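Chain A is fixed; fit chains B and C onto it per the hints.
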Amino acid sequence: MLRVDNLVKNYGDFRLDISMEIPDGAVTGIVGKNGAGKTTAIKAVLGLIRPDGGHVTINGKEAVNLTGRDRELIGTALADSGFSSYLRVEDVICILRKMYPTFDEAFFRKNCDAQALPYGKKIRELSTGMRAKLRVLAALSHKADLLVMDEPTAGLDVQARNDILDLIRQYLLINEKCSVLLTSHISSDLEGLCDDVYLIHDGRILLHEDTDTLLGSYAVLKVSDETYEKLDKRFLLSSRKEQYGYVCFTNEKQYYAENYPGIVIENGSIDDLILMLTGGK
Amino acid sequence: MHIILNNTSMVPIYEQLTDQVKKEIISGELAENEALPSVRALSAELRISALTVKKAYDRLEEEGFVVTVHGKGTYVAAADRQLAAEARRKSVEDDFAAAVQKAKAVGFTGDDILQIVKIILEDY
Amino acid sequence: MRGLIEKDLRLTLTRKQTILIFAVMAVFMSMSIEGTFIIGYLTMLAAIIAVGTISYDEFDNGFAFLMTLPFDRKTYVREKYLFSLMMAAAAWLIGTLLYFISSLIRRSPADPSELPMLLAFIPVLYMSVTVMIPLQLKYGSEKSRVVLFLIFGIIAVLVFGVSGITGGSSDAFAGPVQTLDRLSPAVVLLFLTAVCVLASIASYIASVRIMEKKEF
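Residue numbers (my numbering), protein chains in the order written: chain A, 3 to 283; chain B, 14 to 137; chain C, 10 to 225.
Rather than coming from a laboratory, the hints here were simulated on the basis of the structure.
Note that the structure is a prediction, hence the values are computed from the model and not measured.
Among the hints, erroneous ones may be present.
[Claimed, not checked] Pairs of lysine-lysine residues, derived as DSSO-like cross-links and limited to a Cα-Cα distance of at most 30 angstroms, are as follows:
1. A:K232 / B:K35
2. C:K223 / A:K145
3. A:K235 / B:K115
4. A:K124 / C:K152
5. A:K145 / A:K123
6. A:K124 / C:K147
7. C:K223 / A:K63
8. C:K83 / A:K100
9. A:K232 / B:K115
10. A:K145 / A:K112
11. C:K147 / A:K100
12. A:K112 / A:K124
13. A:K100 / C:K222
14. A:K123 / C:K222
15. C:K25 / A:K124
16. A:K145 / C:K83
17. C:K223 / A:K35
18. B:K67 / A:K179
19. A:K145 / B:K85
20. C:K25 / A:K100
21. B:K85 / B:K117
Only chain A is shown next, with the shape it has when bound in the complex:
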């Protein structure tokens, strides 16, 4: 469905250089700190920027050459861009109706009602959470089979975040073939939704792993200085000195659990992943 082959984009000192593949029906997440290159990657996927090298293809077609017809099959929600904030929700409905032959007005209105989005209000008068919901709903409104979402839950409270994630889950229930690419820096969002995760740092991919494996095999070990000396370091991805000893990150939880009974092992979360692989020593 979506392939990114050695995509290169230079912005001054910053250089993005990544490869990714999102098969049909997969939900893929991109994580990384601010400025790691997540948004640049998303923009290249959507053909908003021209790669300096490599290829981005959607169903075999170069992203920068997507036609209107191709774009009908893509649903987009961007973090810092949307419909003009002078428009009302009702205006957005009328525009979407004319834009997409597949626009599902009943679906859109049903969810606007459910999320209590006021039809008559201008977008600029809506709360941050409501604006985010409107953006996601617009992306879900026309039976797209690829969803591309940049930080759909950024800056929202837990409730609004869950509402948005549930909207996406419900959409995937009905549209089984749909693929999703989304970025987030809130790990729980990705843990409960994505099949696999790419970790981007400084424009490069540090890690690509199934979420399942990530949560099942990756772990944080907390050990004293003495234990650290004796520890088999073959499966440690990174270690950091702390006051009480060492914090280590491993992708072989079982190995350490079996061979070092008694050491503190915490389940690895995507947050730990980011911290330990990009922030550690």
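Just chains B and C now, with coordinates in the frame of chain A:
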């Protein structure tokens, strides 16, 4: 189906899921030929990734608990009585094995363990 | 295309109050100022408002999302030319109606044979659209305003410069103007339309090139 997942457990999510579905099948709560929820439906309900659910279903299929009809869904396999009995036996064995492991870890001998089992059996 | 026009219509309608004020002013002007001024005024205004929708698209980083909607960049550009033409034509119609009504009220009815000449307002004023759209796309709404003033400034200087050289009289322009006067209105209209179409084609090609190079 009543699935309760523990995110802080050391047991991987897909394994927890496999075990619980298995239990429901063995106990008969999930009847023969009954359809399991679709991968996406269960993943939405449990708020876990679809791939995790798929992994669990694949495992269940490998072990003969369910069958997947392509394009239709996943169903509880026709009850092979012998298989069910075997599975039940296996699960009891597993529990015993875990208990034995624990006992050995604190230094019990084989005789100590048999002693304990005898005492417990007398109570029933 | 339909979606884009719908969007621009709705964006234009968000300026209801501004438009209402201009409309009321227009009615008063048509009553107080004699002549065809009102037609040119309204047509120009509509064209400016239509091109102004580009700055709405640009505002708040809106282009990034807009360009993910189902149309290609060429279509976006084409719609701007079409929308400006539609707006200008609609405004011309209203202006012309007002002109005829006010002339009736003044009891000096305008002659319907003036129509071809009045129609010439559209190609003449649309020419400014062909300048504004590529500028707006290239420089954004803020900078393009400056560039537009600069261009008009240069033209003014050139005109004054030329008339200064030719000894302060407007002889240099009198010639062509007299030639124009002698031609029949229909020929003039045809000529202006042809020039306008050529300008539009050149402008459209430039705009598409600008748009396709852009990154959002």
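Hints, verified against the model:
no.	hint	verdict
1	A:K232 / B:K35	violated, 40 angstroms
2	C:K223 / A:K145	holds, 29 angstroms
3	A:K235 / B:K115	holds, 27 angstroms
4	A:K124 / C:K152	holds, 28 angstroms
5	A:K145 / A:K123	holds, 26 angstroms
6	A:K124 / C:K147	holds, 29 angstroms
7	C:K223 / A:K63	holds, 20 angstroms
8	C:K83 / A:K100	holds, 18 angstroms
9	A:K232 / B:K115	holds, 25 angstroms
10	A:K145 / A:K112	holds, 15 angstroms
11	C:K147 / A:K100	holds, 28 angstroms
12	A:K112 / A:K124	holds, 19 angstroms
13	A:K100 / C:K222	holds, 27 angstroms
14	A:K123 / C:K222	violated, 35 angstroms
15	C:K25 / A:K124	holds, 14 angstroms
16	A:K145 / C:K83	holds, 25 angstroms
17	C:K223 / A:K35	holds, 27 angstroms
18	B:K67 / A:K179	holds, 15 angstroms
19	A:K145 / B:K85	holds, 21 angstroms
20	C:K25 / A:K100	holds, 22 angstroms
21	B:K85 / B:K117	violated, 48 angstroms
Violated hints, listed in ascending order, are 1, 14 and 21; each of the other numbered hints is respected by the structure.
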